[in-house]
Amino acid sequence: MSSRDVVLGRLRAALAGGTEPVEVPRDYRHTGTLDLDQLVQRLTDYRAHVHRVAEAAVADTIAGILPPGGTVVVPPGLPPAWLPPTVTALPDDGLDNARIGAADAVVTAAAVAIAQTGTVVLDGSPDQGRRVLSLLPDRHICVVRADQVVATVPEALARLTPHRPLTWISGPSATSDIELIRVEGVHGPRLLHVLLLP
Amino acid sequence: MTRRTFLGMPATAPPGVGHLRGAESFPAAARRGLADPQLRRNLRHATTTIRAKSGGVIAELPDWEQLRAAGAAIKADTLARLPELLEQLEARVTEAGGVVHWAADAVEANRIVTDLVRATGVDRVIKVKSMATQEIGLNEALVAAGITPVETDLAELIVQLGGDRPSHILVPAIHRNRAEIREIFLREMPGVDPTLTDDPTALAAAARRFLRQTFLSTPVAVSGGNFAVAETGTLAVVESEGNGRMCLTLPQTLITVLGVEKVVPTWRDLEVFLQLLPRASTGERMNPYTSMWTGVTPGDGPQAFHLVLLDNGRSAVLADEVGRQALRCIRCSACLNVCPVYERAGGHAYGSVYPGPIGAVLSPQLTGIEDNASLPYASTLCGACYDACPVKINIPELLVHLRAEAVESHRRPTAESIAMAAAAYAMDHPRLYAAGQRAARLSRFAGRRGRGLPPPLNGWTGSRDLPEPPAQTFRDWWADR
Ligand code: SF4
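One line per chain: the protein sequences are A and S, in this order.
Per the working numbering, the first sequence starts with residue 1, numbered consecutively.
Per the working numbering, the second sequence starts with residue 1001, numbered consecutively.
Dumping the calculated EDC-like pairs for lysine to aspartate or glutamate here, alpha-carbon to alpha-carbon at most 16 Å:
| # | chain 1 | residue 1 | chain 2 | residue 2 |
| --- | --- | --- | --- | --- |
| 1 | S | Lys1053 | A | Asp45 |
| 2 | S | Lys1053 | A | Glu179 |
| 3 | S | Lys1392 | S | Asp1063 |
| 4 | S | Lys1392 | S | Asp1077 |
| 5 | S | Lys1392 | S | Glu1065 |
Hint data in this document are derived by calculation from the structure and do not stem from the laboratory.
Kindly generate the complete structure, drawing on both the sequences and the hints.
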């Protein structure tokens, strides 16, 4: 008898007394009023830096965040116009971890953002790239368009595709393991900048 | 209840492996916690802080009660259809390029993981904090096989370097303060700067430096999982630090050990739990990082994924129609943070990786009541845990149910000796005793009469039935005492 048969057999035996079908009540909120100010406030609450800029100002804003001559990891499908000429772009053509980790920042787009929780979600699309890109550099600059923002968690899940690797990000890496004092950047990016486009 | 061992019959977790049984009874172990004023101060600080944060963000949601009801029902539905959902999960994970293994108990799970690591040829693995792997004693099994497991969650690292045991589900090193952590780092962390201060930022930075190289040079990771979606084969891990992302992204091989009860039926169900878990757990609107993956993704992340589905006593819990609800638990730790007994005794007193109210009902069911007979007495039945639980596990009901079972089992220690020990313990602590009496009286009254108490107590009993975030009122009541 395989372990699979043993475990499934045990679970079936455990339920042999019969079970009633369970109705799941779904009368919680599914949608909400979209409030971009709320997204800004909740991201800021998580100590993310939020910049509300027009798309034409993305490159200038990024130039202001990074030191001149800084290096930026770039997913393959990122709009080139977002990058300022003052930085060195490292397009991800299979960059190794050492080079990714040594970069000053990564710039990505996002798949969805959730106003009520202050969350951005990356789904590995070409303008967001592999998961490692937003993990190793110290700064993550994430560009979000207003039409990617939803109010609630249910709205976000409805827009996402489960078969892509998904990374939900709410503020920078943080720990509260030492006397419950919040410390940013214990493993992942120490700084999160969100550029919110109209 | 006798231990059932027939193949294909529900079975409890085997003794001699893993961490579900303490060396001594709860009252005996609790004495040490009660005698340690530093521990109690740390715990009190932690539980009050988390309670306040959690209460604040729960109050923001007008539909908290609806979410709780949905969460409880999704889990009840899952448990009622567990075999078919697991088969569905297996099929979806396999289609997506993963390999599914089934483990009847801790011994088998440890062997599967050890063999998988051995097959990769490495002698070190990085680990994401996981209750399931602690439960089965995976680290000890790996060490015995010559493989070094490195815990990468800061608190787990502190516990591991300190040669210690976790004392809280969420903040495992809460029993340690900054000065103790500094000493542990100076003593145990290779290459640490000897001028390290006890500033939490400096301590976290030391851990970051220590672990970065390990993350980048270890090709195998072991994780647990918070949720697994049967419909899609998607696994989800929620965390704060980013060590989870490191382990789930950088290695070539990922091995995830998952209790069979962690499955949820549909993708959409995550919309409920991703709202319940962070708010009940850390008191955040959303935890800093959530990772979701389905099988393997070519060119991104681990290219080999193994999912180990673990029974280890869960079938025995499922077989008990009353006790079954303990398997709804999403390990948020809210029940620990409201429990007056936990706050005083500390997590180590429970002798199991599952401390606090949920531990008091889950551990004895996983091991069989005779091996953890004193745990159902580690409670005043005040009901705060039930109010706080985001999936509405009726822990007081379960405690009473298990006490009856403990009495019937007539095994060591005898029911009488436990009852006496529990009473002696409470009587040593008059405030606790009084609180327990009062709360037990109130909850009995509330149970019989519903919302029948006169003001000002009707706020409390009323909240047990419906409106507003119910944990709130009890917590306020408790805080005001
Ligand atoms: S029993 Fe409920 S409150 Fe306690 S850890 Fe589990 S889900 Fe959270």
